[in-house]
Amino acid sequence: MRALDLLWLVPALPFAGAAINGLVLRNRHKPLVTAIGVGLPGLSLLIALAAIGDWYGSLRPEAFEQVLWAWTAGPAGFDIAFQIDGLSAVMAFVVTFVGFWIHVYSVGYMGHEEGYRRYFSYLNLFMGAMLLLVLGSNYLVLFFGWEGVGLCSYLLIGYYFEEPFPPYAGKKAFIVNRIGDFGFLLGLFALWTTWGTLDFGELGARVLADPAVAHQPYALGLTTAGFIALFLFVGATGKSAQIPLYVWLPDAMAGPTPVSALIHAATMVTAGVYMVVRTNVIYQLAPEISTVVAVIGAATAIFAATIGLAQNDIKKVLAYSTVSQLGYMFLAAGVGAYKAAIFHLGTHAFFKACLFLGSGSVIHAMSGEQDMRKMGGLRKHLPSTYRTFLIATLAIAGVPGLAGFFSKDEILAATFAGHVPGARLLWIVGLVTAALTACYMFRLVYLTFFGAFRGSHEQEHHLHESPAVMTVPLWVLAVGAVVAGWVGIPGGMWELFGAHDRDWLAGLLTPVIAVVPGHEAAGHVLSHTVEMLLIAASVVAALLGIFLAFRLWGRDRGLAADEAFAARAPRLRRLLEEKYRIDELYDRIIVRPLTRFARICWKVIDELVIDGGLNVAAFLTEITGDLGRFTTTGNVRHYALYFFVGLLLLFWWMVA
Amino acid sequence: MTTVPIAAYLILAAALFAIGVFGALTRRNGIAIFLSIELMLNSANLLLAAYSRQLGDRAGQMVVFFALAVAAAEAAVGLALFIAVFRLRRTIDADRINLLRW
Chain A
621 MRALDLLWLV PALPFAGAAI NGLVLRNRHK PLVTAIGVGL PGLSLLIALA AIGDWYGSLR
681 PEAFEQVLWA WTAGPAGFDI AFQIDGLSAV MAFVVTFVGF WIHVYSVGYM GHEEGYRRYF
741 SYLNLFMGAM LLLVLGSNYL VLFFGWEGVG LCSYLLIGYY FEEPFPPYAG KKAFIVNRIG
801 DFGFLLGLFA LWTTWGTLDF GELGARVLAD PAVAHQPYAL GLTTAGFIAL FLFVGATGKS
861 AQIPLYVWLP DAMAGPTPVS ALIHAATMVT AGVYMVVRTN VIYQLAPEIS TVVAVIGAAT
921 AIFAATIGLA QNDIKKVLAY STVSQLGYMF LAAGVGAYKA AIFHLGTHAF FKACLFLGSG
981 SVIHAMSGEQ DMRKMGGLRK HLPSTYRTFL IATLAIAGVP GLAGFFSKDE ILAATFAGHV
1041 PGARLLWIVG LVTAALTACY MFRLVYLTFF GAFRGSHEQE HHLHESPAVM TVPLWVLAVG
1101 AVVAGWVGIP GGMWELFGAH DRDWLAGLLT PVIAVVPGHE AAGHVLSHTV EMLLIAASVV
1161 AALLGIFLAF RLWGRDRGLA ADEAFAARAP RLRRLLEEKY RIDELYDRII VRPLTRFARI
1221 CWKVIDELVI DGGLNVAAFL TEITGDLGRF TTTGNVRHYA LYFFVGLLLL FWWMVA
Chain B
210 MTTVPIAAYL ILAAALFAIG VFGALTRRNG IAIFLSIELM LNSANLLLAA YSRQLGDRAG
270 QMVVFFALAV AAAEAAVGLA LFIAVFRLRR TIDADRINLL RW
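Residue numbers (our numbering), protein chains in the order written: chain A, 621 to 1276; chain B, 210 to 311.
Bear in mind the hints are in silico, worked out from the structure with no lab data behind them. Glycine included, every Cβ here is placed at the ideal spot set by N, Cα and C. Just to be clear, a hint being listed does not mean it is correct.
[Said to hold, decoys possible] The calculated label-pair distances, taken between Cβ atoms and stated as ranges, are:
#1 L234(B) x W1273(A): 18 to 24 Å
#2 A289(B) x D1226(A): 57 to 63 Å
#3 N238(B) x D1231(A): 52 to 58 Å
#4 L1261(A) x A276(B): 36 to 42 Å
#5 L1261(A) x A282(B): 23 to 29 Å
#6 W1273(A) x N307(B): 28 to 34 Å
#7 Y260(B) x W1273(A): 55 to 61 Å
#8 D1226(A) x A282(B): 57 to 63 Å
#9 W1273(A) x A241(B): 28 to 34 Å
#10 N238(B) x G1248(A): 26 to 32 Å
#11 A241(B) x E1242(A): 21 to 27 Å
#12 Y1262(A) x Y260(B): 25 to 31 Å
[To be verified] Partial pick of chain A residues on the chain B-facing surface, computed with a CB cut under 7 Å:
#13 F809
#14 R1249
#15 T1253
Produce the entire structure from the sequences given, and follow the hints as far as they go.
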């Protein structure tokens, strides 16, 4: 039996874990809860590795498809089926690997929580749904996973449901995602009605068989491909927190920190990127929408980065950083660098998960404190956390040799070379964002780990390094943050050093990326000099950002720079701190009018018209009954009279 | 032999029916009401018999026999009810048997 035949177990095992922990076990079975909650995702990781290895050795580059159940009467492409190809393999590896280590970490982080069993049940459910999303071989299975992870996100953000804010944040995430999903569904409907299939492979073949169909006008002045691409992207902006639907992600930090690491940094929020890359054949046929994707991505990247610069909550900084990095991925996908998008997705999963878990370790040591203004000098107390956090920070900042450098550089190079209108401008935005990223990340590091401790004595006394069950995952992910970039070192870089193009990841992903006739020119081929200059530019940007952060927050400067900023430009500082007041804006232009409309529906339409109409009808009935009952006198002679009068009327009616 | 014209039967039946209606609506005694109802019933029987003869169709007379038989049974049930009511209330005055009302 081949390992590939066990592919269905990869999502099934976490689902089983969720069911066992959620429905069978009781809170008192804590060791068993841990064994199931961590063991089954671990088993899922092993099977995923074996299946991917099997596929790599035998079928590559052909996709492997496992149909579990097919509708006998239904049309094709609706099957419950899983597949492994380059893209699914990369995603499945990232999800199971990072996911497993975050599960291990959670054993330590959530150890003292009341809802330990509930937590693991939800987290396993999430893993199952996410694997359904990335392993499904058609859009139907993908959509099931897509909605499943949304549900788990809602459940886990609102995990601390006894406090006021987390349930609100969960609700916000769910509702904002529903807006995106509405667009996603419209896109899928258009896809289905146009090509009659939702199967990935079949769809690609049918689209390429007659690309003219994709160019026909469809609706809203868009071509078919444009319409589908735009509405699928609306779904992606919701799930992957892009402008204008990014607002839920920072609030999602109300959930437990490992949840932020797994769902709101490493895996779920990248589902939109995966979906866009999966649908690349449509996006390639809709260059105008690809441009929209790139512009939205770049705008989100720089927008979120500037907010990240002025946040004081350690998790908020990381949240905006995630939004910003997701923007990078969409920038890459928009300019047609699909491999770079997935590459950055993978490297980002490692270093951002490491950063979030590191922040969790810090919060754990600070007894729940998340405000960086009360931290400082934690380097001495949390050596492992500090080292891993620094490695991941260097990786996200784009220091050469580490994961983030390769993927970010490839995105910037692809943007520079892209044929998107205004590509150079997008490149500049990307470059500035890279500098800002390095700057706010090192601000975070300096404020948290350097300088003097600014918290209370009690907190200082309590400071301790986290147990091994938490530091081991940190180290694993830190190693990932270093080496994850090596698998996809872009071809241009190899050639610079006179070597063969050994871009392993690109080799893996190329079969997934459709070759659309007339769209081969993904961009200009860059000369070695330009390539070298681009690398130099991104390195300089990163180092400049780090240097700036060092000058402003380094050594023992503490919060002096923030205070100076607040004193010099109080309004700008407040604007950044209040996140450009986008939430307030949405509240003013969307939420409040909607609430008012809902109030009108409630008070006028429901209470006045419907309830009122019903009450009037009931009142009339009552009045009629009240008057009519006096005819029931109990006297038989009266009844006889009624009868006789009725008879007379009947005769009159018959005769006249 | 002179035959009685059909109009005479009709007038007699109408008169019987009118007396019955008047009696049923005005009398308070249960027995009297009952009698009035029987009167109306028999006015209908009379009409049936008269038309049966007029049209030469025996079916009408058969219906009258059936109606008489049913009326006899009904009379038995009705009188039994009056007796039961009388035992309970010591009266069969229809105006005083009016518990079943609003």
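Each hint tested on the structure:
1. L234(B) x W1273(A): 18 to 24 Å: Given range 18 to 24 Å: holds, Cβ gap about 21 Å.
2. A289(B) x D1226(A): 57 to 63 Å: holds (59 Å)
3. N238(B) x D1231(A): 52 to 58 Å: holds (54 Å)
4. L1261(A) x A276(B): 36 to 42 Å: Since the Cβ atoms of L1261(A) and A276(B) sit about 24 Å apart, the hinted range of 36 to 42 Å is violated.
5. L1261(A) x A282(B): 23 to 29 Å: Roughly 26 Å apart at Cβ, these two residues keep to the hinted range, so it holds.
6. W1273(A) x N307(B): 28 to 34 Å: holds (31 Å)
7. Y260(B) x W1273(A): 55 to 61 Å: Violated, since Y260(B) and W1273(A) (Cβ atoms, about 24 Å apart) do not stay within the stated range.
8. D1226(A) x A282(B): 57 to 63 Å: Taking Cβ atoms as reference, D1226(A) and A282(B) lie about 60 Å apart, which means the hint holds.
9. W1273(A) x A241(B): 28 to 34 Å: Given a distance of about 31 Å, which is inside 28 to 34 Å, the answer is holds.
10. N238(B) x G1248(A): 26 to 32 Å: holds (29 Å)
11. A241(B) x E1242(A): 21 to 27 Å: At roughly 39 Å between Cβ atoms, E1242(A) and A241(B) fall outside 21 to 27 Å, so the hint is violated.
12. Y1262(A) x Y260(B): 25 to 31 Å: holds (30 Å)
13. F809: violated (61 Å)
14. R1249: With Cβ-Cβ at 4 Å, under 7 Å, it holds.
15. T1253: holds (5 Å)
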